[in-house]
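*Asks:* Chains as they are written, first to last, in our numbering: chain A, 1 to 113; chain L, 1 to 114.
If you're looking for bench data, these hints aren't it; they were derived computationally from the structure.
Where is the CB? At the ideal position from N, CA and C, for every residue including glycine.
Fair warning: there could be bad hints in the mix.
What the hints assert, rightly or not - Partial selection, computed: residues in chain L whose CB lies under 7 angstroms from chain A:
| # | residue |
| --- | --- |
| 1 | G42 |
| 2 | F45 |
| 3 | N100 |
| 4 | G106 |
| 5 | Q107 |
To be verified - Distance windows between CB atoms, simulated:
| # | chain 1 | residue 1 | chain 2 | residue 2 | range |
| --- | --- | --- | --- | --- | --- |
| 6 | L | P8 | A | P18 | 39 to 45 angstroms |
| 7 | L | T7 | A | S28 | 36 to 42 angstroms |
| 8 | A | R42 | L | G97 | 24 to 30 angstroms |
| 9 | L | R110 | A | Y61 | 23 to 29 angstroms |
| 10 | L | D56 | A | S84 | 33 to 39 angstroms |
| 11 | A | N12 | L | Q41 | 18 to 24 angstroms |
| 12 | A | P18 | L | V68 | 45 to 51 angstroms |
| 13 | A | G62 | L | G16 | 45 to 51 angstroms |
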Amino acid sequence: AQSVAQPEDQVNVAEGNPLTVKCTYSVSGNPYLFWYVQYPNRGLQFLLKYITGDNLVKGSYGFEAEFNKSQTSFHLKKPSALVSDSALYFCAVRPLNTDKLIFGTGTRLQVFP
Amino acid sequence: GAGVSQTPSNKVTEKGKYVELRCDPISGHTALYWYRQSLGQGPEFLIYFQGTGAADDSGLPNDRFFAVRPEGSVSTLKIQRTERGDSAVYLCASIPGQANTEAFFGQGTRLTVV
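Same shape as in the complex, but just chain L:
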């Protein structure tokens, strides 16, 4: 596929459990973003990768959240000890690498913590 792919599309988990959310960016895109969107809100920045390294992780809310991109392509957002407040749509986006280009977003993963 030509777009950004996120799996799963929906995830329901129990409070306290660990979850992983996956993002497959557009092939060749060097930069990858994670955002979180709560109901009625705009996307909130979490972390940004340039290649394999996290260039800016200032948006991660606490140390329960962690993201990796080991080969500079697929990224995984990991949430430990989930809380009900983590429920949101998690969005992934990729860009070719130049700052003046637009970001291409995936459909998102809707995470519900019960």
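Next comes chain A alone, as it looks inside the complex:
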């Protein structure tokens, strides 16, 4: 079955420190990969995507993600976390043989001042 795993329910990091939110996937072929963020009482907002090309993609608010084909991972990163980055983050994949967007269970990021 095609799936997305976010192994950490919560990630805690101090402001100014680098952050990583992990994502691995299990789908056939090379899917399209996405990260979304959800703030309280707000809809999902697109952060970045990997389609093809350079394995390191840059997105909104200083976030970036690294695609690793051999490890089937797409970890979200930011060099220096802000308190305002605290939110719920979702990894999603769209397999090439379907238009369905499959989400992980989400990781809550808490950045402490």
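The hints should help you fit chain L onto chain A, whose structure is shown.
*Replies:* This is chain L only, laid out in the frame that chain A set:
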């Protein structure tokens, strides 16, 4: 407005009642998705439209759930004989049509079945 609009934002209904949830996608977007998000969970795929037709409805949990998009724009998710387990946030998203583009989500409809 430029974004995906969902109405109502909140809906409380009694067990056994029928509800309709509406989604207005971004103008010109050909593809439309419905998702359901329960507390503490990621969005769960329900159905996907390409134009007026349901291209994939494999996520609809049972025959109480039905969705339409008669003119290829606005979509309505219909739930018959609601159950308490249907309580969740129902999300709608639209994309221009190319698979490599990101989906734009609405704010969701919080459905509570009492």
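*Asks:* Give a verdict on every hint.
*Replies:* A quick look at each hint next to the structure:
no. : hint                                : result
1   : G42                                 : holds, 4 angstroms
2   : F45                                 : holds, 5 angstroms
3   : N100                                : holds, 5 angstroms
4   : G106                                : holds, 6 angstroms
5   : Q107                                : holds, 4 angstroms
6   : L:P8 to A:P18: 39 to 45 angstroms   : holds, 41 angstroms
7   : L:T7 to A:S28: 36 to 42 angstroms   : holds, 38 angstroms
8   : A:R42 to L:G97: 24 to 30 angstroms  : holds, 25 angstroms
9   : L:R110 to A:Y61: 23 to 29 angstroms : holds, 26 angstroms
10  : L:D56 to A:S84: 33 to 39 angstroms  : holds, 36 angstroms
11  : A:N12 to L:Q41: 18 to 24 angstroms  : holds, 21 angstroms
12  : A:P18 to L:V68: 45 to 51 angstroms  : holds, 47 angstroms
13  : A:G62 to L:G16: 45 to 51 angstroms  : holds, 49 angstroms
Violated hints: none; the structure is consistent with every hint.
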